[in-house]
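Engineer: Protein chains in written order, with our numbering: chain A, 1 to 212; chain B, 1001 to 1241.
Derived from the structure by calculation, the hints contain no laboratory data. C-beta: ideal position from N, C-alpha, C; glycine also.
Between beta-carbon pairs, the in silico distance windows are: (1) B:1213 <-> A:35: 34 to 42 Å; (2) A:164 <-> B:1039: 22 to 30 Å; (3) B:1217 <-> A:49: 38 to 46 Å; (4) A:49 <-> B:1226: 38 to 46 Å.
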Amino acid sequence: MNSKRHLKVVGDATPVASPTPVAEAARTRSALVGHLLVRVGRGDEAAFDELYTAVAGSVFGVALRVVRDRAIAEEVAQDVLVEVWRSAARYRPEAGSGRTWVLTMAHRRAIDRVRSEQAHTDRLRTHGAKATGSHDDPDTVVDIAHREWEAQRVREGLALLTDRQREAIDLAFSKGFTHREVAASLGIPLGTAKARIRDGLIKLRDAWEEER
Amino acid sequence: MNDTNGDTHSLLGPYVVGAVDDMDRKTFENHLRDCVDCRAEVAHMSDVIATLVDAEATAPPASLRAKVMEQAAHTAQLPPTVAPSARADSSRKRLRWPLAGAAAAMSIAVAGIGMFLASTVDAPDTSALEREVMMVSSAPDAHTMELGLGSSHLVMSERMGGVALMGLDAPEPAEGMEYQLWLVLDDGHMVPGPTFMPDADGEFMAIMHTDFDGVTEFEITEEPHGGSGVPTGNAVAVVSL
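Based on the provided sequences and hints, a complete structural model is requested.
Structural biologist: Rendered as structure tokens:
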């Protein structure tokens, strides 16, 4: 899986047999994670081991994306996974899928960590490079969309966004910018930043939900 | 959904993708409690974030699994949060957490010492309780003291962040009363803990998650069924630290 992501090139439009194996696997895994969480909530250590196998790659991956340091990403992933163990009994299946419960927790913790590591102004200077015209940061949203976000449906969904929506969502998702920082970094009004984020998310939801 | 909430609603997208500071997060989460539409929308949109997270999957360091399993083995699990209304047929249990009113009073009382007891308002299931008691009593830093209520003792562990009570041959409290655990703080404040009842054989078990900053004594009193926010009965057992 990891080796494949480096083969992706800009404009890769190779059709994938449908329904995509990625979607199929995601659906199966999503149901599995929910079941495992319920068992983990009862103190089932074997279930926790299986749960680790199912989610650790995503938990570590998103931490790495956001904090950009393997050692810190490993710490974040460890915190998240132990928190999953600790609070599994609080997971309520009726409120959403177990996969979403775990993975959004992972994303949020990674953001909390990067915010505490770096002063906001520091991040703005490093990554909010638009105003200065710098292209030094290799992890631009274009790279992310076309090179690294590997699943076909993820690419297809992202392709539906305008560049501006993608840019706003990427600053928030990958860099941990608040909407105020997104607005400041892109030199746009706050309301516009909020709308770009929300409209982008709605498009992605609409693109992906029939496969869930 | 009303007009005065327009601005709060507009935080939905940023909230879902984590693009809110602590203050905005709190504002929006308060709003979520009252807004069914936003709750549904957040649940729905959060799946988008999960998909973006999945797309980042990469092999974690080989050392991670062992570290996680090791730390989990020393981490007590939280009991489930139980809705107070769904308890119509709940007969008298061996152990009972204080009901909502006491829990609310408690959350005010404990705000200063960082406990998370208040969200649990009814009895956790017995096996979860036994597991938690076991985790505290088997912690590497477990410290055991005589409790003096029948043949009983109290075990505390800083590392597990909890105190467990276990006993045999405890006398029955008076009719309509239960035992309740209290933390006595150095300023004289009494922090309410769980209530518990010995079974027919006088056996009991209870657990309280807490840190021990400023705690000078543990005290057991008899309280009316369901427990109290401040002690009303005399101490039947006292353990000084």
